[in-house]
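6 protein chains.
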Amino acid sequence: MYELGVVYRNIQRAQKDVAANLGALGTATVHEAMGRVGLLKPYMRPIYAGARAHGTAFTVLLQPGDNWMLHVAAEQIQPGDIVIAGVTADCTDGYFGDLLATSFKARGAQGLVIDAGVRDVSVLADMQFPVWSKAISAKGTIKATLGSVNIPVVCAGALVNPGDVVVADEDGVVVVPAASAQKVLDKAAAREANEAEKRAKLAAGVLGLDMYRMREPLQEAGLRYID
Amino acid sequence: MYELGVVYRNIQRAQKDVAANLGALGTATVHEAMGRVGLLKPYMRPIYAGARAHGTAFTVLLQPGDNWMLHVAAEQIQPGDIVIAGVTADCTDGYFGDLLATSFKARGAQGLVIDAGVRDVSVLADMQFPVWSKAISAKGTIKATLGSVNIPVVCAGALVNPGDVVVADEDGVVVVPAASAQKVLDKAAAREANEAEKRAKLAAGVLGLDMYRMREPLQEAGLRYID
Amino acid sequence: MYELGVVYRNIQRAQKDVAANLGALGTATVHEAMGRVGLLKPYMRPIYAGARAHGTAFTVLLQPGDNWMLHVAAEQIQPGDIVIAGVTADCTDGYFGDLLATSFKARGAQGLVIDAGVRDVSVLADMQFPVWSKAISAKGTIKATLGSVNIPVVCAGALVNPGDVVVADEDGVVVVPAASAQKVLDKAAAREANEAEKRAKLAAGVLGLDMYRMREPLQEAGLRYID
Amino acid sequence: MYELGVVYRNIQRAQKDVAANLGALGTATVHEAMGRVGLLKPYMRPIYAGARAHGTAFTVLLQPGDNWMLHVAAEQIQPGDIVIAGVTADCTDGYFGDLLATSFKARGAQGLVIDAGVRDVSVLADMQFPVWSKAISAKGTIKATLGSVNIPVVCAGALVNPGDVVVADEDGVVVVPAASAQKVLDKAAAREANEAEKRAKLAAGVLGLDMYRMREPLQEAGLRYID
Amino acid sequence: MYELGVVYRNIQRAQKDVAANLGALGTATVHEAMGRVGLLKPYMRPIYAGARAHGTAFTVLLQPGDNWMLHVAAEQIQPGDIVIAGVTADCTDGYFGDLLATSFKARGAQGLVIDAGVRDVSVLADMQFPVWSKAISAKGTIKATLGSVNIPVVCAGALVNPGDVVVADEDGVVVVPAASAQKVLDKAAAREANEAEKRAKLAAGVLGLDMYRMREPLQEAGLRYID
Amino acid sequence: MYELGVVYRNIQRAQKDVAANLGALGTATVHEAMGRVGLLKPYMRPIYAGARAHGTAFTVLLQPGDNWMLHVAAEQIQPGDIVIAGVTADCTDGYFGDLLATSFKARGAQGLVIDAGVRDVSVLADMQFPVWSKAISAKGTIKATLGSVNIPVVCAGALVNPGDVVVADEDGVVVVPAASAQKVLDKAAAREANEAEKRAKLAAGVLGLDMYRMREPLQEAGLRYID
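Protein chains in written order, with the working numbering: chain A, 1 to 227; chain B, 1 to 227; chain C, 1 to 227; chain D, 1 to 227; chain E, 1 to 227; chain F, 1 to 227.
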């Protein structure tokens, strides 16, 4: 059950350099390194082409059609945070536009991930303030009911704890728990290290069948070739 | 109940300059000024980035998979109109392509808003003929059943009367009744006038909490800060 | 019923020049020439603006969340092929990324059409390797269950036989059977031949009502004009 | 544009016996008699098997997640009304449960059609208070923002004016304008009169091809039989 | 590509007793016996609780919003057939109601599987004429464009050839190719033979972990128990 | 991040009598008492009419298309548990059928809530084993990849901790944290205590407007009555 009407001011943030290194690797590599968990649902899409962000999760729980808590949130944001907003019921309203983006940017926010709608998207694109959302809508919101700030929230099917590392790009949004961020980074970096070599081989015409030694297991599974 | 098989040739259009001024303010501001009504559902998306249009509503009621009435419509379009097309049942077919766009443009149409699909979208983008639709599909349509032109239609959940003002941009599509267009413009302009100042304050680090005087109502609502 | 665990190495491909000519005409024209059949569902979207491809269908049947057969497929791809991948159950996972794209490109593949998700889309865009998919997702896939290569597959609601012509652009994806490709090309080319003239007339203000001689049938259908 | 914050107390209701006769014919027959317009989208489903209702439209415009106006509505309901509720933005919350149903029933309401969610559905089924909705949800709603009562509303894609006839059954919900209700009834009754005879013929093995004289038009359209 | 405007009068039907035996086993068992292919998408739902049917596939290709070919189909139906209808584009209209059901039943049809909508569903339930559809809608259809009868069709994502065995129940709809029907029946029957014994063991408290010998592979996969 | 490959054998379960009392009050009342949080998304529907269940949450994390962990789970279930299953990616496969239901029932499970599909639903209805799912599908699943048992899982948008109270009925599924179950029960019971009296008043024609004293706030909000 969500705790409503509370703002946690002090949260334990993952290390910035770890977040930065994970961000550089991108969501696909990080998600693999985590054992394929921690990904938000693929309906979350960036509002402009080329959007990329990473940072520490700053969480907000919103009520449907009500963006009051985003204003409360602004005061607590610290440079390097990415705001992750969940909602207590499905809603596509435009919770966030250029004014809030200006305020969030002034506080050092790296972007917004919101399981709802946003607006002023052409201005947000001009500002290069990256947002991942499930909708775009001109519809504004009221300020009537309390949610919370920096409690654990579910956003687009994933549990996000304040301070977790968030990596977002055109492939989606991945959340890495602060406690395992370094370990995930190590795995992800190791995975990445092999990619350049693999890519060169594949570009040269080497087959994945050979490079990954799949021929034997395929034969064991019963694969038949027919001429 | 829709009146079928009729074409209204004379409609009362909203004033062009009012439409132009509303268009310059954008959908989010206009929608707020209307009290948050008049917005089409957010599944209506522009077919290319940066699409923007405004004008007077020229309405068409279409039958599913049948674009006959769009040809009938072309003759009646006047410069400054935006064509708003509803359909009597859900359909994603491509009702509109580059030929109709050429014809509509020649008649002075400012764009198309259609609760169905369109095609030839790369050509439409090259022509800079803006379209908001719920789908993109290469599938063409037949010409077999009558609909109507310039009757009140429901398009993507919103009632549109011929002659209303239509404002469309990347945030969606808003419809303003002709009779209240000037009043909405006044409110929207007043709203906009404050935005530059607010943006500057927020950019300087002033919080919405203070600028909008939210601290007291939040406290009354029971918000608790936890360190 | 799908035949599982088989790879057909020799398929009869449609003629390359016919595929190229169909590709130049685009999906909307080709789809019309086919009598409005052969179109994949419109949820299939290109992963980047401006994507266009044509080629001979190279089919793959995949299991949900399992991309093993794409590796098997790579070995059999011939220059000019477009890979068409169906899945035995709905899935949005990212089956395909930059490494497989590198391999497919090295084999001469012209693109990928997949009724599931892909990832590394910004790299794929940089490589200009066109993909039509129903989702974008960072989630990877396992390699555990056999599907098949070059059997007839259903992809996004359309039956695709190996060797068919595939035309894909921003309006969608159309499949033309190899046996009727030349006939469809003839019809499509004839249709296209008239388009330039029509476009010029429409641009000059001639109405479709007159150009297509619709006034009489509309009157017979009972259309009434009201002043 | 919706007029907000108003309650129209006096509406012109269609004749009760016409509504009753239309109700007896059912939605499919009535919809045909109207020329196939006036049907709400098919996502509107009855909450229990066998639900059927008819009456005069009593309209309510609701705000998302806010059922305040349903309480305002209760006072104005007259025996024979069916409440039709539209919402200014998509919402699946449970706006209506057993308490409101008790109140509505006491006022003589024949049922509810709501483009949102309802709850207490097992109690509503026990009460035999029929509801057509797009969702079922235990989530309650707030009472904070005004909508309106008895203005024209769009509900599930259809325009409904207060006083229209509403017919609802397991096939959906149809709205007949008060002004044309008698004419639609005449057509619907004529249509129904032939159905029993047709059904008997078809049950005896007579083919629709012969009964509807379709063989000639099919041949003209080019239908070929292949043995 | 679909062949349009043709009616195949003579099709090779699977053996009736094989169809009956497969029908008795149900979709889940048959689907397993086929290696988990041949299932229509799960959005296909029966229109009443307890619906069950089996028979030989009689296929129809329909145009969107047009049920002309269902009338053509009626003449060709033979006792024991199940009608499987695909549509060339997404459509939820009510193609089929009580009159067509009366006719189909008189011809010996066992049911209908249609990738679109149907109506008169309460009458169909009373008649116990089982239908699996993706929608229920009072909206009728026109009779203007040819489709085909007894060509291979894609229905809800599955390829169906005329004469295949169709098994449908509350779990969905499965298609078994005529050529492999006996083999699939043998496998399905063998599978079923073990179920009673397994059920008894499980009811007695034996664990699947032991019955299926999963403990060792789970341990190898690295499963850890934590007290 | 989910911890993969672990089975927690000892979990702290909420008190049985508290769960039973919450179950008797139903989801709508419990959800209100919780401040309107803790509800699973409304796409979760019972597989048969009249389904109702309550118990202590026994959580399972599943991989897409893979039900291995349900077999692992069976051994750990204790009488009074409700199994809550989340999946790491969207999937509609039929993870659970009559054999697993027999086993779960033998272990004392009160029902299943699964963010995926189930099968054998007519048998499950006969067994009166209640299930809430997002799909029904005959498609079976493999046993290849580890998930976890009794870790915190997200199911249909809600976070569920092992041992929480689960209440499920025809209005949906609500989760109450073990730690606050007694407090929520007290609030819910208090709420329920007033309902009978309110229902009697409303049935007698008293208006909610008066009973809830809404007239004054409505007037302050500006509501206007028009005759």
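Derived by calculation from the structure, the hints in this document are not laboratory data. Here a beta-carbon is modelled for each residue, glycine too, at the ideal position from N, C-alpha and C. Keep in mind that the hints are not guaranteed to be accurate.
[What the hints assert, rightly or not] Covered stretches of chain D, as calculated for chain F (at least 3 residues, CB under 8 Å): (1) 69-82; (2) 96-105; (3) 115-123.
Hints versus structure:
no.: 1; hint: 69-82; in the structure: holds (count 4)
no.: 2; hint: 96-105; in the structure: holds (count 7)
no.: 3; hint: 115-123; in the structure: holds (count 5)
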